[in-house]
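> The residues making up each chain are set out below.
There are 4 protein chains.
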Amino acid sequence: MSGSVFGKNFTVMTFGESHGPAVGCVVDGCPAGLALTPELIRPMMERRAPGKRAFSTARNEADEIKILSGVFEGKTLGTPIAMLVENTDQRSKDYGNLAECFRPGHADYGYEMKYGFRDYRGGGRSSGRETIGRVAAGAVAKLILAERGISVDAYTCAVGDIEIDRDRIDLGYGLKDPLSMPDPEASQRAQKYLEEVAAEGDSAGGVVECIIRGLPAGVGEPVFDKLDACLSRAVMSIGAVKGIEFGEGFNAACLRGSENNDEFYAGDGGIKKHTNHSGGVLGGLSDGADVVFRAVVKPTPSISKVQRTVDKYGNNIELEIKGRHDTLIAPRAVVVVESMAAITIVDLMLGSTDRILPGIRSL
Amino acid sequence: MSGSVFGKNFTVMTFGESHGPAVGCVVDGCPAGLALTPELIRPMMERRAPGKRAFSTARNEADEIKILSGVFEGKTLGTPIAMLVENTDQRSKDYGNLAECFRPGHADYGYEMKYGFRDYRGGGRSSGRETIGRVAAGAVAKLILAERGISVDAYTCAVGDIEIDRDRIDLGYGLKDPLSMPDPEASQRAQKYLEEVAAEGDSAGGVVECIIRGLPAGVGEPVFDKLDACLSRAVMSIGAVKGIEFGEGFNAACLRGSENNDEFYAGDGGIKKHTNHSGGVLGGLSDGADVVFRAVVKPTPSISKVQRTVDKYGNNIELEIKGRHDTLIAPRAVVVVESMAAITIVDLMLGSTDRILPGIRSL
Amino acid sequence: MSGSVFGKNFTVMTFGESHGPAVGCVVDGCPAGLALTPELIRPMMERRAPGKRAFSTARNEADEIKILSGVFEGKTLGTPIAMLVENTDQRSKDYGNLAECFRPGHADYGYEMKYGFRDYRGGGRSSGRETIGRVAAGAVAKLILAERGISVDAYTCAVGDIEIDRDRIDLGYGLKDPLSMPDPEASQRAQKYLEEVAAEGDSAGGVVECIIRGLPAGVGEPVFDKLDACLSRAVMSIGAVKGIEFGEGFNAACLRGSENNDEFYAGDGGIKKHTNHSGGVLGGLSDGADVVFRAVVKPTPSISKVQRTVDKYGNNIELEIKGRHDTLIAPRAVVVVESMAAITIVDLMLGSTDRILPGIRSL
Amino acid sequence: MSGSVFGKNFTVMTFGESHGPAVGCVVDGCPAGLALTPELIRPMMERRAPGKRAFSTARNEADEIKILSGVFEGKTLGTPIAMLVENTDQRSKDYGNLAECFRPGHADYGYEMKYGFRDYRGGGRSSGRETIGRVAAGAVAKLILAERGISVDAYTCAVGDIEIDRDRIDLGYGLKDPLSMPDPEASQRAQKYLEEVAAEGDSAGGVVECIIRGLPAGVGEPVFDKLDACLSRAVMSIGAVKGIEFGEGFNAACLRGSENNDEFYAGDGGIKKHTNHSGGVLGGLSDGADVVFRAVVKPTPSISKVQRTVDKYGNNIELEIKGRHDTLIAPRAVVVVESMAAITIVDLMLGSTDRILPGIRSL
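Protein chains in written order, with this note's numbering: chain G, 1 to 363; chain Y, 1 to 363; chain D, 1 to 363; chain W, 1 to 363.
Since the hints were made in silico from the structure, they are not lab data. Among these hints, one or two may not hold up.
Counterexamples of contact, computed for chain G against chain W with all Cβ distances above 12 Å [what the hints assert, rightly or not]: (1) Ala146; (2) Cys254; (3) Arg256; (4) Thr275.
With the C-beta cut set under 8 Å, the calculated list includes, among others, these residues of chain D facing chain W [unchecked claim]: (5) Ser203; (6) Leu282; (7) Thr300.
List of simulated lysine-lysine pairs, DSBU-like, C-alpha gap at most 30 Å [said to hold, decoys possible]: (8) Lys312(G) x Lys272(Y); (9) Lys66(D) x Lys75(Y); (10) Lys66(G) x Lys75(W); (11) Lys176(W) x Lys66(W); (12) Lys322(G) x Lys75(W); (13) Lys272(Y) x Lys322(G).
Built from N, CA and C at the ideal position, the CB exists for glycine as well.
All chains should be built: construct the whole structure from the sequences, respecting the hints.
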């Protein structure tokens with residue numbers, strides 16, 4: 001079944017295996033007239049690229065995006081935008097020993113059962129390289145939203161049990177931080193923790209937080225295409241993400257209604273809420289406050305420690321995974337979370353009534 | 001935009017406002033030849049119905065489902081199955097005073113901004129009564145899965161900070177428990193807590209857990225229709241659900257790879273895992289273990305306590321919500337979670353390759 | 001597979017078997033604020049109903065539509081609109097003798113092969129009664145279009161080899177004509193032809209023509225959701241329709257480019273075309289002229305004459321079909337063609353850019 | 001709105017403008033394990049390529065397809081297959097004088113109205129080069145069908161008023177014929193006609209016929225995804241196609257039921273029909289006979305003759321189109337019709353019940 005297509009009006013299809021000729025995406029439904037060049041996409045691509053941060057794989061990926069269609073004289077045509085990155089640094093041999101076994105924590109076993117056949121090199125389709133297409137599409141979506149004053153910002157808010165201090169968030173700093181943490185003090189402690197974990201040949205988990213600002217009230221569609229439902233599908237489709245929560249999230253189980261409800265008030269700027277326990281979503285529609293959600297990213301499954309597993313012939317074996325692997329996936333997931341969130345918002349808005357955001361369809 | 005349609009091959013559309021003439025659903029894509037009668041659906045409907053449990057609204061809903069199409073001589077035809085429940089106990093007048101204000105924690109404000117017009121009676125489309133259609137469709141999905149030895153079971157696993165003891169789970173007991181908790185001891189404590197909360201005119205939150213057993217490995221579609229992504233959209237689309245997590249979920253942030261990975265082994269029954277930290281999903285595909293997820297249900301937003309809010313004319317007002325309301329939504333969400341999970345699984349399986357489950361399309 | 005769902009943003013699902021409890025539809029994605037009552041839908045329903053015309057079945061169908069949801073205080077809410085007609089005049093016994101054989105020209109054999117089981121009463125799902133849901137949804141779509149000055153009008157343009165004279169078209173008359181022909185003179189001749197055909201226990205075919213006026217240029221989406229591609233799917237999905245053509249249609253094969261091209265000119269009212277050989281569609285987009293297409297409706301397959309066929313046990317048999325059957329299907333297909341065309345246009349326009357029709361999404 | 005996506009389970013997205021960097025497609029949902037190489041696709045690509053036939057443009061297109069993903073060790077992985085052809089022979093300057101006017105019979109005016117901006121070089125997105133992606137995807141679909149003994153063959157059956165003799169059809173010859181006509185005698189006459197037309201700087205129209213053999217009964221989905229409805233959308237989405245008809249098609253209007261019905265009989269090979277007036281589709285499902293349809297292809301709109309039109313500033317002008325243009329589009333549409341038909345059939349079959357074609361999902 002087709003499963004690489006996302007979105008109804010702003011449709012994104014990604015393609016590509018880690019060690020095939022190329023990875024990329026096609027974006028269909030982008031309004032005409034948007035300024036779009038590789039340069040405008042590059043900053044997002046660079047935030048995704050490995051080799052630029054500590055604790056991430058040393059693999060050098062140029063990841064220069066090519067725009068193959070949908071753009072003329074620097075502006076979008078309203079037609080499909082195909083974008084791709086060629087896979088140059090493939091080094092398949094590193095992965096040769098993994099061709100016949102099922103790595104714990106990876107999709108190998110499921111793919112083998114599903115398709116009876118898989119590209120074992122570097123994870124194939126389930127590789128993190130698939131997210132290149134998501135980020136390129138997400139960059140387009142963010143440009144559309146920026147035209148309307150809507151921003152999408154994600155960052156690492158926790159590594160292991162080390163959390164950022166929300167009174168100290170500095171998004172500008174976070175863009176440069178090796179862990180994408182917007183709090184230098186927390187990042188220092190997290191880096192120290194990761195050094196210990198890495199020294200043991202092990203890996204760590206983390207949490208990514210995302211804030212969407214400037215969204216008008218009423219975005220989302222009752223009842224199955226609720227804003228939070230669509231964002232959840234989008235973000236949970238990112239590899240290694242194992243959970244998502246909005247506003248108070250799981251903490252809401254321990255609150256009372258009087259604590260969790262956000263009271264409304266009317267002020268100069270229209271109707272607002274005194275608090276934002278809802279995370280900006282009520283009944284599946286945006287409520288005019290910032291949309292805030294968190295996604296947990298599991299520890300990198302590829303570790304150097306010896307693990308027990310099974311090969312494709314059904315033999316119990318021991319496995320030691322060599323090669324380059326991130327100690328922590330979360331920092332590189334940050335820009336993918338932003339991308340999926342931006343794609344989701346654009347898709348919902350392009351299908352919304354004019355009342356929500358007059359003229360979004362005609363830039 | 002159309003937002004009340006779920007699923008690609010097994011498509012469910014729900015309709016209906018709380019106080020309109022009827023609520024229901026149409027299920028398209030159900031294989032032909034499945035035994036289906038109102039009697040087979042009724043047990044799910046009764047688990048959803050209010051008035052049968054303590055801590056739930058006293059409103060007496062017969063909720064007798066009518067099957068209008070798609071069934072002939074007690075078997076499905078392969079054509080759309082329309083099912084509905086007429087709204088008989090409407091008592092609109094109870095809600096009259098809410099017509100002109102935005103209740104905190106509810107979708108009122110978003111609907112007004114989105115549509116410029118809403119059915120204020122009992123929440124209209126955002127009412128819990130909308131879930132009647134989901135449960136009827138879910139009952140059909142569960143019957144399909146049962147034919148293939150797949151079960152979907154949900155229950156309340158936490159109320160406030162009171163959790164069930166997972167060594168003591170008794171699903172049979174849980175079906176009768178007033179809070180849908182499968183642990184009588186935990187339920188006793190939770191009931192006491194809810195009595196206190198209710199006495200204060202307040203409400204409480206909880207967590208619902210769901211286990212899917214018997215699913216073969218390989219269900220789910222890379223990369224956007226991953227099993228956990230689809231389940232997340234499905235479950236997050238249920239009103240009052242604010243988060244979802246699989247397996248270790250948010251706890252995975254604090255684990256190391258060596259702790260979170262599940263090692264495979266080959267035994268008599270084929271390839272298995274020593275543990276199930278993944279919650280039965282790896283790389284977006286089922287891994288052959290039980291699929292386990294949890295969803296947090298926020299405290300009922302309708303409380304008796306006085307709350308500050310705004311009316312539709314922009315005046316700051318005080319609001320006291322009268323009428324019948326559940327102190328805790330979670331117990332009634334249990335069967336809706338089961339339903340959405342079952343619908344999702346059937347939709348994915350009907351689109352899967354034969355390899356996954358030979359013959360599922362021809363019962 | 002789900003096949004009873006039409007449209008992406010304006011989504012219509014029909015349900016129901018000829019002799020089941022009810023037939024109907026759910027319309028999802030209708031903008032909020034549209035005036036909608038059963039009275040506004042009735043004229044379309046009456047045009048579809050049999051028993052009001054000569055040459056159509058005598059079956060008396062009240063076909064009173066019930067609106068179950070999506071409307072409050074006479075206006076649409078933006079939520080799904082469920083509508084149904086109960087099947088009252090079922091007389092199953094008339095059809096009993098057809099339970100076990102495959103009628104020539106009907107879907108019986110395909111349904112039996114596909115589902116292994118079918119509702120043989122009156123055609124079940126493949127009955128003309130399924131179109132009740134289409135017409136109810138089409139009536140909603142036509143009301144939306146009327147708000148924007150767009151009209152959709154169909155009529156019978158040929159019966160056998162008797163064609164209307166296009167210089168003599170009188171749409172008002174056509175609404176009352178027993179054959180839905182807008183040319184009384186042609187209708188007289190056609191009625192005489194049908195009397196002869198009916199006297200022999202045989203049936204006849206015809207052609208329905210549809211004109212969409214007031215559509216701005218640019219409606220349709222390159223490349224697969226072209227205006228004519230979408231209209232073709234919509235109209236070809238009507239039972240008994242075997243072909244469709246736009247503008248010159250099949251005649252274009254015999255024309256030269258210089259004859260078939262429509263030259264543009266700029267006048268007071270903007271850019272226009274001297275001719276309309278294109279039928280209002282160029283490159284899959286509306287070109288500002290009237291959209292004109294024709295659909296051929298095959299002769300009613302149920303005839304009184306003895307036919308050879310096979311029963312479900314594989315025996316060669318002879319079959320004589322009794323009961324009430326239209327001599328000509330075309331007149332009743334007219335309103336269904338209009339409905340499917342209107343649904344298609346609304347679906348495309350709700351997904352279009354604002355440039356096309358500012359504000360269509362917010363009535 | 002997204003309009004470049006086709007199919008639900010076997011999903012094809014095309015991208016590319018005539019004079020952009022590349023054109024191509026992504027195919028999602030192809031079963032794993034299918035042998036696929038550029039060599040297997042090339043024969044279809046060559047049938048589409050211009051410059052190899054008389055009466056077609058002299059433009060030399062290498063059109064070498066690159067497979068970027070979804071294939072490993074010569075077999076499909078079950079993941080998206082991205083394929084592209086780089087645009088090398090662009091010669092934009094030929095088209096420079098067309099940048100500011102609306103060519104009669106072309107999509108220029110609609111695109112300008114829809115997007116406010118367009119790639120005027122060679123038709124941009126509405127160019128025939130867009131069909132490269134369709135043909136590459138169609139080649140994949142045909143390979144899947146071939147595994148199951150299903151063939152799809154199209155050919156030119158008429159040019160102007162010159163028709164092939166159906167008793168003389170030679171498909172093998174047709175593959176080499178300059179007009180793709182499977183009847184050398186008719187082709188000779190047609191070529192002579194085209195020479196005359198070309199000499200006058202004019203163009204001609206034609207009809208393409210397609211036959212699908214080996215399809216089991218029951219393919220197609222009631223009621224909107226009928227086999228003929230889906231095929232009609234697919235084929236009508238090809239540029240220049242203005243009509244489609246199945247079996248007797250428009251001729252059915254003049255037949256009686258007793259003439260148009262196909263009687264069934266039971267013989268050694270199961271249930272068959274004495275005739276095939278239905279064109280292999282009854283009630284929207286395949287009936288076990290060959291599926292036969294015809295599509296009319298209008299005369300090439302680009303002609304050398306002087307035409308009146310309007311420029312984008314609203315001035316009435318005279319236009320003479322220079323450059324290379326086919327006198328007749330039909331021969332090159334043949335392989336595109338085959339491709340769209342094959343894609344449609346695979347999409348419907350992958351969503352069908354097992355009963356129809358056991359194991360199609362697992363090659």
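> If you check each hint against the structure, which ones fail?
The structure conflicts with no hint, since it agrees with every one listed earlier.
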